[in-house]
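Asks: In case you want the letters, here they are:
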Amino acid sequence: MKDMKAKILSNEEVAPGYYRMVLEGPYMAKTANPGQFVMVRCGNDTDPLLRRPLGISRVRRPAAPGAMTMELLYEVIGRGTEILANKRKGETLKVLGPLGNGFDLLPCVRRPASGAVLIAGGIGVAPMIFLAEEMARKKIRPVILIGAKTKKLILCEKEFKRIGAEVHIATDDGTLGRKGFVSGLLQDVLRRTPDTRYPTVYACGPEPMLRAVAGICLNKKIECQISMETKMACGIGACLGCAVETKKGNKLACKDGPVFNARDLFRRKA
Amino acid sequence: MKMDIKIGKIRLRNPVMAASGTFGYAKEFEGLVDLKRLGAIVTKTITLKPRKGNPMPRICETASGMLNAIGLQNEGVENFIKEKIPYLVKLKVPVIVSISGNDIKEFCKLAETLDREKGVDGIELNISCPNINKGHGLIAQDKEATRDLVKSVRAVTGKTLITKLSPNVTDITEIAVAAEKAGTDAVSLINTFLGMAIGIDTRKPVLGNVTGGLSGPCIKPIALRMVWEVARAVKIPVIGMGGIMTARDAIEFMIAGAAAIQIGTANFVDPGACESIIKGISEYFRGKGRE
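Residue numbers (our numbering), protein chains in the order written: chain F, 470 to 739; chain Z, 4 to 294.
Treat the hints with care, since some could be wrong.
To give a feel for the contact side, a few chain Z residues facing chain F, derived at Cβ under 8 Å [to be verified]: (1) Q76; (2) G275; (3) E278.
Source of the hints: derived by calculation from the structure; they are not laboratory data. Don't be surprised by glycine CBs; every beta carbon is placed ideally from N, CA and C.
Produce the complete structure using the sequences and hints provided.
Replies: Below, the structure is given as structure tokens:
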């Protein structure tokens, strides 16, 4: 983990309100794991004061270390991310990371025949591209379930298809894919899977979605890893502001997480 | 003004300390800041028994500041001694342990326990956390209660004693003087201001605890004024803090009369803050060549 200045190589709007920023960074690219995040200083002033935690959405590691990059996919939701959206190519940002405990690929590496299902709601798609690409490198072809409010906000479908993943989509308004929630797509997948070959599930998105996904997985005893989004001040376990209640007591999203096992976070549904 | 100073029995190589609650137990900042260069480290407040802390959300950003209502989450003194002290000792930087309790007895028990620990150089009495004891006043809001507490703790420990004061009072000098008379070696100020934030969509308080402590650069002018007032009212060293982000901020506090300063919220924004402030202060001193 390091705090460093990173040069912006590009910063583009990929869907209304969603941006992709590419940063120069051999250190981050080499050391980051899927599910980890960075703390980004958005402005140079005291307002907004705190850094913003952003999930790492991809790293590129070409042979030349100078060409290594890290990508951040983010949604503009407040003043911090608004300032970020206005940053131009060539500017630099203070970036602290990589931080936190990412996804554990072992459960699906151990059972290659069962594979993995990656579920993303809204901006929750960010860590999933990194995860899917890492899986592809390990010859695992994940099934991707993406949920969003409407067609225009479905992110990264192309990127997932490029690595040969099977992609299913759900929109709240039915403008693309199945009308309804992404958790419905998971039920479809499980319905056509024999229970001896249930996949490992990885999910990131809004809390109601995570709750629904965890409920389904816990009932069927499916290994399910969940990335939690919380407000953070420091990102390194000092402020204790990002505590998450688990069955093992309070844990920190920044240090113990952001990825948790669903069985530690949620109860089985009756 | 000089870099190396003495507070109680503690010799500091520079006047910059990491403030309690913003620096964990130092290990969190390993690799991000040269810990050996710090003047002192004040650890996250510990209590006799483990504390779960307050419900979420616990933090909220405000204009040039932040609110927190962590509620003194910690693993308790036993765990602190076993798990945290061995690492802190290795840094060879003065370790000041912040403590809190429900009553005088708990403060004394903690102080007695820590008094036996070689790795502990000083104790900071956190009698000013605004996020516990809801509905009751803080010890630091009552000069008699402050005097009684400091006197009792003073009787059970020979370690350097620092009393941390609350800004949520009418006259902070009264409390400072009470602590001085009761035998504290120094006072540190200020703790956070009690504040709140409301979400207009939910029409509810943002923090799980409803209210929280305000910190960051937005409180600096008030903190500075209080440090100036207290420095004129007591003879013991005053440790100033409140919104210090840069060496310039720190120097203002020292000109106002602070013997040392603590860096709090700035550690969240820039984990290397303490180090760059130390560097800035030493450059200023060299340039001025005073004392």
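Asks: Next, verify each hint and record whether it holds.
Replies: Tested hints:
{"no.": "1", "hint": "Q76", "result": "holds (5 Å)"}
{"no.": "2", "hint": "G275", "result": "holds (6 Å)"}
{"no.": "3", "hint": "E278", "result": "violated (11 Å)"}
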